[in-house]
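Construct the complete structure from the given sequences, taking the supplied hints into account.
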Amino acid sequence: MPKLTAIELEKFQTISKHTIIPIRDLTLMFGPNGAGKSSIFDALEIMNTLFSDDWGKGNEKLNSYLDRWARKDGSEESADEIGFGFQFTFEEGWVPDGLPREKEASLRHIAIPSLTSRDYIEDFEGRNFKFFIKFKKSDYWGWSILELTFQNDEKKFLEVVTDGKHSPRLDIYDAGWINLYPINTQKDKLTNIENDGDRFSYHLEPRLEDMNPTQWLHHDIYDHASPEDFAALNQLEAVAQQVIEFFKIVFNKHFFAVDHKNLPLVKASRTVPSRDEVISIVSGEVYERSDGKMGRPVNINYSTTLLSIANSLNKLQPHWSYLCASLAHAKSEDGVAPEVIEWDLMDSIAKINWMLREDLFIENGYQLDGEVLCLTDIQEIADVWVENAKHYPKIVRLYLKDHQQRTVEIEDVGSGIGYILPVLASLSHDGRALIQQPELHLHPALQSALGDSIVRSIENYKYHDQFCLIETHSEHLLLRILKLLRNVEKRVDEVVSPLTFDKVAVLYFEPKSDGTTKVHRLRLSPDGKLIDRWPGGFFNERYKDLFDDE
Amino acid sequence: MSAIRTYLMMNKILALSPYAINKYKDWLKLYNKLGPSQGIFLADFPRKWINKFNLEHSTIATDDWDDWDEKRINEYLAHLKSINGFISLNSSYQENLPWEPNYLNLPKDKQSECIAIGSRENKFNVPDFDKFDITLLNVSDTVSMKFSASELSSLLKTYFTNTEKIVFVDRHNYLLNPTGGFTEFTKLIRQIMELTKTKPLGEIVIFSLYNPREYSYMSTTEELNKTLEKCFMGFRTPVYGIKYLCCSEAGTGDDLHARYILTKNVAFQLTDSIPGNKSSQSITRLRDIAETERLLKKWVDEEHKLVINTEATYINYTI
Numbered sequence: 002m003p004k005l006t007a008i009e010l011e012k013f014q015t016i017s018k019h020t021i022i023p024i025r026d027l028t029l030m031f032g033p034n035g036a037g038k039s040s041i042f043d044a045l046e047i048m049n050t051l052f053s054d055d056w057g058k059g060n061e062k063l064n065s066y067l068d069r070w071a072r073k074d075g076s077e078e079s080a081d082e083i084g085f086g087f088q089f090t091f092e093e094g095w096v097p098d099g100l101p102r103e104k105e106a107s108l109r110h111i112a113i114p115s116l117t118s119r120d121y122i123e124d125f126e127g128r129n130f131k132f133f134i135k136f137k138k139s140d141y142w143g144w145s146i147l148e149l150t151f152q153n154d155e156k157k158f159l160e161v162v163t164d165g166k167h168s169p170r171l172d173i174y175d176a177g178w179i180n181l182y183p184i185n186t187q188k189d190k191l192t193n194i195e196n197d198g199d200r201f202s203y204h205l206e207p208r209l210e211d212m213n214p215t216q217w218l219h220h221d222i223y224d225h226a227s228p229e230d231f232a233a234l235n236q237l238e239a240v241a242q243q244v245i246e247f248f249k250i251v252f253n254k255h256f257f258a259v260d261h262k263n264l265p266l267v268k269a270s271r272t273v274p275s276r277d278e279v280i281s282i283v284s285g286e287v288y289e290r291s292d293g294k295m296g297r298p299v300n301i302n303y304s305t306t307l308l309s310i311a312n313s314l315n316k317l318q319p320h321w322s323y324l325c326a327s328l329a330h331a332k333s334e335d336g337v338a339p340e341v342i343e344w345d346l347m348d349s350i351a352k353i354n355w356m357l358r359e360d361l362f363i364e365n366g367y368q369l370d371g372e373v374l375c376l377t378d379i380q381e382i383a384d385v386w387v388e389n390a391k392h393y394p395k396i397v398r399l400y401l402k403d404h405q406q407r408t409v410e411i412e413d414v415g416s417g418i419g420y421i422l423p424v425l426a427s428l429s430h431d432g433r434a435l436i437q438q439p440e441l442h443l444h445p446a447l448q449s450a451l452g453d454s455i456v457r458s459i460e461n462y463k464y465h466d467q468f469c470l471i472e473t474h475s476e477h478l479l480l481r482i483l484k485l486l487r488n489v490e491k492r493v494d495e496v497v498s499p500l501t502f503d504k505v506a507v508l509y510f511e512p513k514s515d516g517t518t519k520v521h522r523l524r525l526s527p528d529g530k531l532i533d534r535w536p537g538g539f540f541n542e543r544y545k546d547l548f549d550d551e
Numbered sequence: 319m320s321a322i323r324t325y326l327m328m329n330k331i332l333a334l335s336p337y338a339i340n341k342y343k344d345w346l347k348l349y350n351k352l353g354p355s356q357g358i359f360l361a362d363f364p365r366k367w368i369n370k371f372n373l374e375h376s377t378i379a380t381d382d383w384d385d386w387d388e389k390r391i392n393e394y395l396a397h398l399k400s401i402n403g404f405i406s407l408n409s410s411y412q413e414n415l416p417w418e419p420n421y422l423n424l425p426k427d428k429q430s431e432c433i434a435i436g437s438r439e440n441k442f443n444v445p446d447f448d449k450f451d452i453t454l455l456n457v458s459d460t461v462s463m464k465f466s467a468s469e470l471s472s473l474l475k476t477y478f479t480n481t482e483k484i485v486f487v488d489r490h491n492y493l494l495n496p497t498g499g500f501t502e503f504t505k506l507i508r509q510i511m512e513l514t515k516t517k518p519l520g521e522i523v524i525f526s527l528y529n530p531r532e533y534s535y536m537s538t539t540e541e542l543n544k545t546l547e548k549c550f551m552g553f554r555t556p557v558y559g560i561k562y563l564c565c566s567e568a569g570t571g572d573d574l575h576a577r578y579i580l581t582k583n584v585a586f587q588l589t590d591s592i593p594g595n596k597s598s599q600s601i602t603r604l605r606d607i608a609e610t611e612r613l614l615k616k617w618v619d620e621e622h623k624l625v626i627n628t629e630a631t632y633i634n635y636t637i
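As given, the protein sequences belong to chains A and B, one line each in that order.
Heads up: the first sequence runs through residues 2 to 551, numbered per the working numbering.
Heads up: the second sequence runs through residues 319 to 637, numbered per the working numbering.
Because the hints were derived from the structure by calculation, they are not lab data.
Note that the structure is a prediction, hence the values are computed from the model and not measured.
Even glycine gets a Cβ: it sits at the ideal position worked out from N, Cα and C.
There may be inaccurate statements among the hints.
Unchecked claim - DEER-style ranges, computed between Cβ atoms: (1) B/S537 <-> A/G537: 35 to 43 Å; (2) A/G57 <-> B/N529: 39 to 47 Å; (3) B/D619 <-> A/R276: 48 to 56 Å; (4) A/D546 <-> B/Q429: 37 to 45 Å; (5) B/A576 <-> A/E542: 26 to 34 Å.
To be verified - Calculated Cβ distances over 12 Å to all of chain A for the following chain B residues: (6) K343; (7) N392; (8) S400; (9) P419; (10) P425; (11) D446; (12) M463; (13) T539; (14) A576; (15) P593; (16) K596; (17) D619.
As structure tokens, this is what we get:
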């Protein structure tokens, strides 16, 4: 499975120099307000868009992100620039599975057959891959590609190179699994395409306005080109796009769900929904029928009435919607599900309730619950009467139960639990947890306890490529996580994969006097101590307030 | 001069009963003398001494300090812990006995490393605050002698075994002498690795002048890697290894003329290289907080401006 190992930024918001930011199973980001911690999430957001099939009309979505997040250094001579990318590693034995058929088709010339047949496997297994793209803005052309790299730690596959005077060139390298066969047979007849051994190179039209999600790298050769040149260019462009598609699939499938329109980020600006707002309508699910075939789900958009209700109800932030969908799923299970005590086998609601019960609200005994109503039209009941509740759309209203099984509204139990539920929702699903300030409105003791929940979820990841990225100011949270690292031996037999020091990245974003940010990785020892010094002293504020009277 | 005597001159360990402080003036007498940069470590005896201290002070009469004072003491102790001001004595502690007999049961060599303060009017003849000579906590900043590798590692043993990072700064921190043998500096690093093999040390960083003409192992990363392996392969490296940086000074504004050994919290300055050519050598622990912080930032946080010509890290640590 490919695993995200780093994000690269250059001239991205306050990050000026090219910076490689390590990503581990747990990555904690610290630093003063305005230091640029959120730029990591913004980089993921822009890559989520870049690797999607939706750049907006006239590429305006991508264009607006580039405009917003490019670093402006204020000097008149220098054009705006922005660079971002990511690194990932292919674990040994990974073969692509479950890819949508159309995506497999688009990759037929490249990685899929190689990986399936294990030809050229040495180009993948254990290799660190890198994607990096840099844009530059000019007054005439708007944004254009200045630099682009697709490579692993051994070889380059695709690269945009420029000498600064002429238009950039695209170099494509013959890597075995990249099929350049048709072009290779014609290479003696090419006049506008450079070829030296395993590299083909052509001039590129790098302007964003000429790009689209399915064709990034148009050629820039119109004069004196032979028919063979044009044929070869078309093929090279197709191959280049296939290489991009390969990275696109890795990014979308393994780091973010393909259907995420927005980054699944628990924002610091989250709010607690009122009792009238914790209501959502969710579509039916695919289910297995008694004859072994898959049942047809009923989506909310099959009926104008349901769609109208959905438009008025579904205004919750993404993680609340996820909680509603998870509760609907849990309550659609046939019969009473046996109590599961293995964390990795629990559904999301069971995990959330475990964290509430065991870590966070032990005395109050709060448990997430809700009312789930199945929806169908009356004719369907009369005609077929399909009992499986998974088939139907549902209206869900969330509430809490206390230790005396009394129903309590989320907005009535103090703000802490309302702010933490989206965090727990993010931690509980088997994807990526991206969280800003999980400690929002939590008492210090609860901030520490939240560290237990975070570590528990990470130590029981279902999939190897999961990761958790947290932006925080909480000393309590960090100290608890460091303590759990020290005590890892105690949990070895209780968890899927104990969290050890090498699976944690502690990052500190230090604002510099010139307005830029320097990102430090503060390394940890096996016993959970910081090897590197905490910039400005380790949460020294309390100490200064108590001892410095001036 | 014996190694032990030398060692006692660079730092002392204060073994303090959790009951010893019950007047705020005791605390005022004591607190500004504590800390690695002052040369005084507090013995973590019993283990988790801070917890024990807090527990005891919730039960004993402390009539002249209020909650605010207690908060300041707690915060100070937490700060002291964060700057590695506590040191473990690695000795057993019997909870059913008072602190003083536990202290007196320590092996003699451990007791001799410590200065003890017991609770007031204890029956075990351990000095209490009223009888304690506070000048015993004065530690000399400077030691002058010509050090061998073992003498220097012994002198700074407490600092080396109680830090996550050690940095060496000198133009002449060479690994091999012209005949290919280990230098005295390399022997010092080997001694430190032996001393810290079960300790929290995470990284050793060495700055040296880039001088490939005389020291050919600096010419390439591969050569440097091989040399580091040759010098240290018999020892278990810290988790992030030994990083060796060959630097050029010209035009950078920074240089390697002044010689330093730095831990995560303390800076020592040497008057000559290790071993050096002069007939005498001295080492000084810097007390000035601002100057220490400036040096730590430059060398421990690696915010210098030197040009790194060749760099290699040797790691043989396995989990």
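Here is how each hint holds up against the structure:
For the hinted restraint 35 to 43 Å between B/S537 and A/G537, the CB-CB distance of approximately 39 Å keeps it satisfied. Between A/G57 and B/N529 the CB atoms are about 58 Å apart, so this pair departs from the stated range of 39 to 47 Å. With their beta carbons about 51 Å apart, B/D619 and A/R276 fall inside the hinted range of 48 to 56 Å. For the pair A/D546 and B/Q429, the supplied restraint of 37 to 45 Å holds, since their beta-carbon distance comes to about 39 Å.
Between B/A576 and A/E542 the beta carbons are some 32 Å apart, a value that agrees with the proposed interval 26 to 34 Å. The beta carbon of B/K343 sits about 17 Å from the closest Cβ of chain A, which is more than 12 Å, so the claim that it is off the interface holds. The claim that B/N392 lies off the interface is violated: its Cβ sits roughly 9 Å from the closest Cβ of chain A, which falls inside the 12 Å cut-off. Not every C-beta of chain A lies more than 12 Å from that of B/S400, the closest at about 5 Å, which undercuts listing it as non-interface.
Here B/P419 stays apart from chain A, with its beta-carbon at least about 30 Å from theirs, past the 12 Å limit. B/P425, annotated as away from the interface, keeps every beta carbon of chain A farther than 12 Å; the closest lies near 25 Å. In this structure B/D446 is separated from chain A by more than 12 Å, as the shortest Cβ-Cβ distance comes to about 27 Å. No beta-carbon of chain A comes within 12 Å of the beta-carbon of B/M463; the shortest separation is about 30 Å.
No beta-carbon of chain A comes within 12 Å of the beta-carbon of B/T539; the shortest separation is about 16 Å. Against chain A, the non-interface label of B/A576 holds: every CB pair exceeds 12 Å, the least being about 20 Å. At roughly 29 Å from the closest C-beta of chain A, the C-beta of B/P593 stays outside 12 Å, upholding its exclusion from the interface. Here B/K596 stays apart from chain A, with its beta-carbon at least about 32 Å from theirs, past the 12 Å limit.
A Cβ of chain A approaches the Cβ of B/D619 within 12 Å, the least distance being about 6 Å, so the stated non-interface status is violated.
The structure does not agree with the numbered hints 2, 7, 8 and 17 stated previously, though it agrees with the rest.
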